[in-house]
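The primary structure of each chain is shown beneath.
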Amino acid sequence: MSTDDQATVEKVLAGDASAFEDIVRRWQRPIVNLAYRFCRDRGRAEEMAQEAFLRAYRSLAQWRRKAAFSTWLFALATNLYCSELRRIPIRTVGLDEIVEPKDSRAIDGGLEEEDQDRVVRRAVFALPAKYREALILFYFHEMDIASTARSLALPEGTVKARLSRGRAILRGKLSKQLGQPLVRREA
Amino acid sequence: MRQDDLDRMLSKEQQIIPSSGFVNSVMDSVRREAVTPAPIPFPWKRALPGLASVVLSLALLLIAGGALFTRGIAGQSQPLALPFAQDRILEAARSIRAGWIVLALLLSFASAKLSIRFTTLRD
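Going line by line, the protein sequences match chains B and A. Per our numbering, the first sequence runs over residues 1 to 187. Per our numbering, the second sequence runs over residues 1 to 123.
Hints were generated in silico from the structure; no laboratory data involved. A portion of the hints provided could be inaccurate.
BS3-like mimics (lysine-lysine), calculated; alpha carbons at most 30 Å apart, straight line [as the list claims (entries may be wrong)]:
| hint | chain 1 | residue 1 | chain 2 | residue 2 |
| --- | --- | --- | --- | --- |
| 1 | B | K130 | B | K176 |
| 2 | B | K160 | A | K45 |
| 3 | B | K130 | B | K66 |
| 4 | A | K12 | B | K176 |
| 5 | B | K176 | B | K160 |
| 6 | A | K113 | A | K45 |
| 7 | B | K160 | B | K130 |
| 8 | B | K130 | A | K12 |
Based on the provided sequences and hints, a complete structural model is requested.
In structure tokens:
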């Protein structure tokens, strides 16, 4: 994959703009999905992903071949998504304002899995930006601290600290919302 | 709530598929970008002597004004009254031909402003 990327980048840098289509086709899915995790809005996710590809095209010459193309692309996209969402934030509710869903069918007083997911997502979006960004990227990169740190251009220690703090805030708030113990329900 | 519970809930994520026109839409903007000429950068090299002379003139004006003003205060034992201070400043300005310096500064500023305007118009 990385040699494919490198060959494509060389073609684009040599003046063949249409070769960039290979990069878009190869990376559209993760880049759009990353944007979706940041904004939870399909339309906006595609708009942000489009802007990320355009920026990648403009600054393709700045990609240092030492790092994988995907690392560079994810870092560029993350930077764009974070600043876009700071410029025009998504509508969120405060952690304390999250209303418990009415449908509490579970016998133990907990919530159904779907409701739990909704409550968790809302809670993540109500976190301060630095914790939210670290958490979103950490789970996007399948819990890989190094990749998360590279995408955020932060030292791994800082990412660990933000994840730990973000999780602690989430646990505190979600314990109230979801009830204890949190039981996994099979469909 | 345990760490595992949180990890499980946050890892579980719905994947979306980009719309069918996404690639075309990106490539349209890339092609537009490719045919657009690169913006002309501000000619710092050419503007630098002008800017340096502006800064230098300003610094000289301040030094000369400050020196004359201090000399005026030293020669006067009574406290400095405002109308007197104005007279001293005007006198100092006349003696160093501040009018010409101000005119030069204004011309430099106008020329720099025009250069910036021309470069942005050509973008």
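Verification of the supplied hints:
no. : hint               : result
1   : B:K130 with B:K176 : 23 Å, holds
2   : B:K160 with A:K45  : 46 Å, violated
3   : B:K130 with B:K66  : 27 Å, holds
4   : A:K12 with B:K176  : 21 Å, holds
5   : B:K176 with B:K160 : 25 Å, holds
6   : A:K113 with A:K45  : 15 Å, holds
7   : B:K160 with B:K130 : 12 Å, holds
8   : B:K130 with A:K12  : 21 Å, holds
Of the hints listed earlier, the one the structure fails to meet is number 2.
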